[in-house]
Structures are given as C-alpha cells and as structure tokens.
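Asks: Using the sequences and the hints, build the whole thing.
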Amino acid sequence: MSKEFKGTSGLWQVIESPIHGLIVIQEDSLDEGTGCISYTQIASEFQCEEDAKLIAAAPELLEACLRIQAQFQQAGIESKAGSLNPIEDNAAQIDAVILKSLGE
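This note's numbering applies: residue 1 is where the sequence shown begins, and numbers increase by one.
No false leads were mixed into what you were given.
Below, a list of computed lysine to aspartate or glutamate pairs in the EDC-like style, where the Cα atoms sit at most 20 Å apart:
| hint | residue 1 | residue 2 |
| --- | --- | --- |
| 1 | LYS80 | ASP95 |
| 2 | LYS80 | GLU104 |
| 3 | LYS100 | ASP89 |
Hints in this document: simulated from the structure, not taken from any laboratory.
Replies: As structure tokens, this is what we get:
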C-alpha cells in the first residue's frame with residue numbers, strides 16, 4: 001500500500017471570498033495566489049461551510065490515521081474487518097480510510 005498523500009500538502013484554511021464564496025486554500029499560497037480550490041455551493045450555506053472545514057482538515061486527518069496505523073502495526077495488532085476484537089476492527093477501518101483518501 002502506497003502511503004504517500006498525492007494532494008497538495010501543507011496547512012489549509014477556509015476563507016470567504018466576495019467573488020467565489022467559501023474556498024479552501026493552502027496557507028502558503030495566500031501570497032502567491034495559487035493552490036486554491038473553489039467549492040461549488042450545491043448544498044445549503046451551512047453544509048458548504050461544514051464541508052469546507054472538513055476538506056481543510058483532510059491532510060491532518062490523514063496524517064493522524066497514518067500515525068495510528070503505524071502504532072497498531074508496531075504493537076502487533078492485526079487488521080481484521082468485522083472482528084469481534086474492537087481494536088482489530090478499528091485497525092481495519094483505519095486501513096480502509098487511508099486507502100480511500102489516497103485514491104486506492
């Protein structure tokens with residue numbers, strides 16, 4: 001399994017643009033004007049704001065999942081989906097979400 005994030009790395013934040021509405025932007029790109037992802041408002045304004053916050057947190061969430069996965073592996077915890085052992089089932093859920101976030 002490849003454990004390399006293919007998206008734009010760095011700290012992200014949600015800002016409101018008078019022209020584009022809510023956008024998610026990489027903090028390092030504020031001065032350069034690059035790295036911006038516009039969020040199309042197809043949901044309600046509240047949902048859009050909450051979605052934008054989740055998108056902005058995604059790189060940090062992935063990093064946390066990768067750390068948890070490494071700790072499970074170092075502790076010898078097996079990844080078993082549907083296991084009656086909740087730790088093994090949690091390990092499988094972490095594995096699945098990592099694969100999904102990496103587009104695999």
